[in-house]
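Q: Heads up: the sequence lines are chains A and B, in that order.
Each number in the working numbering corresponds to the 1-based position in the first sequence with 13 added.
Each number in the working numbering corresponds to the 1-based position in the second sequence with 13 added.
There could be a bad hint or two in this list.
[As the list claims (entries may be wrong)] Stretches of chain A that chain B covers, calculated by requiring three or more beta carbons in the stretch to come under 8 Å of a beta carbon on chain B:
id, stretch
1, 77-88
2, 120-129
[What the hints assert, rightly or not] List of simulated lysine-lysine pairs, DSS-like, C-alpha gap at most 25 Å:
id, chain 1, residue 1, chain 2, residue 2
3, A, Lys37, A, Lys17
4, B, Lys17, B, Lys58
5, A, Lys242, B, Lys172
6, B, Lys242, A, Lys172
7, B, Lys115, B, Lys37
8, A, Lys58, A, Lys72
Don't read these hints as lab results, they were simulated from the structure.
Predicted model only: the values in this text are computed from it and were never measured.
Cβ atoms here follow ideal geometry from the backbone N, Cα and C, with glycine treated the same way.
2 protein chains.
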Amino acid sequence: MNCKIVFIGAGNVATNLALVFRDKGFFVRQVYSLHEQSATLLADKLNCEYTSDYSAVVKDADFYFYCLPDHVLQTVEPVFAHTDALHLHTAGSVSGEVFMGKVENYGVFYPFQTFTKSRPVKLDEVPILVQANNRRNEEILLSLAKLLSANVVLSTDEKRIRLHLAGVIANNFTNCLYRLAFEQMQMADLPAEWLLPLIDETARKVHTLTPEQAQTGPARRGDMQIIDKHRQLLSTNPNLLNLYNQLTEQILDR
Amino acid sequence: MNCKIVFIGAGNVATNLALVFRDKGFFVRQVYSLHEQSATLLADKLNCEYTSDYSAVVKDADFYFYCLPDHVLQTVEPVFAHTDALHLHTAGSVSGEVFMGKVENYGVFYPFQTFTKSRPVKLDEVPILVQANNRRNEEILLSLAKLLSANVVLSTDEKRIRLHLAGVIANNFTNCLYRLAFEQMQMADLPAEWLLPLIDETARKVHTLTPEQAQTGPARRGDMQIIDKHRQLLSTNPNLLNLYNQLTEQILDR
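Pulled out of the complex, with its shape left as it was, chain A reads as follows:
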């Protein structure tokens, strides 16, 4: 806990990780962002130093977290810190070896959650997948991650990318469905928030039932009459109709 952490990036992931580390008693030494406004915003929350000048990033930290867009991670030059420093990225689908040959100690620290700056989230149950360039660093990262979450595992690139894909389906795509459902509410001239009890119950159900057990609806019952009524409603929106048909097929196939 005496170790010093620097965050490279001040977006959704950096903000949430930094706040959790701070709350666990870690010392966030500095925040860097290309965008000074983002850097100050996060540094204010943490009451720590910040910089928007990459060459001014401090060299004496123990952990450097690179919370950067994936394409930036591919090319970023790691901070020229002391050789014991551990350089970590937090991305779901970027190789664990992007820092190979550039620094001595590197790895991945991937918290499996959807992060938004404005919504600090707890990590207690959030899976954290770690990878590192040697056994010693793996142990360090496992210990570090276990201070934040009960669900920690040593990973590989393959496992992490597969998990990321599961996350895209369960979060990004689900949220996209929420948007499409909200749009139907608007067309029905009903308040979109009337969907929330249903959305909540849908999520709660899979805590105690498998998704197979929780599945209901016309496709589950094979009720083609209702399905045809819904298709008619979507006849003016071929993309959505196509999506409706695909998801219906997925359920009918079971």
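Given chain A's structure and the hints, the job is docking chain B onto it.
A: Okay, now just chain B, sitting in the frame of chain A:
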């Protein structure tokens, strides 16, 4: 509250509605199901009479709730009760006039929620859409529904079917995505329940952000490199790959 209610059907909807009415102080007079086991199961919970003989359904109730599969509703002969009785179905996409010409007083009482027998749910915030064959019955149903929920509205067939479609998207299809994500977890050799913090946060987010604001992920960022990695993982599953592409397009199009 002195009125008597009979449930025709003892499935997910009947079970949940009957328990809520009972808890609100109503008298559930009798439960009918073709399947005696279902009828006794619900009658035991309610401590009321049951029958699996349709001709033995009591004639003196005030409300008959037909919680039946959609195709059965199209053809069911309503109970030969006294003429003041109000005959209601609870389906999302069945016409409000299926009982027209068969009984004097009829309508729709559609609670917008996903119901499972084993999970009694509260209806306090659950939207209830009502329809009836005349103004007086509309008023009766609006009053009745308002005893159960804060979100009650007089509907039309069009509005209700559109809401049902929104529900299919937000519940049935979302649950289908949960299943597909669970399957990816299995392929990654990770516990499926590790998805739950993400699923929960995804649902919570749209309480305070719009789905547009809550959208994250590679498609939101237009990160084609990651999208291509995920496509490779799905190359052996053309249906899922097709679905991945469609949902990705929906997000990219924004």
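Q: Which numbered hints are broken by the structure, listed smallest first?
A: Structure breaks hint 7 only.
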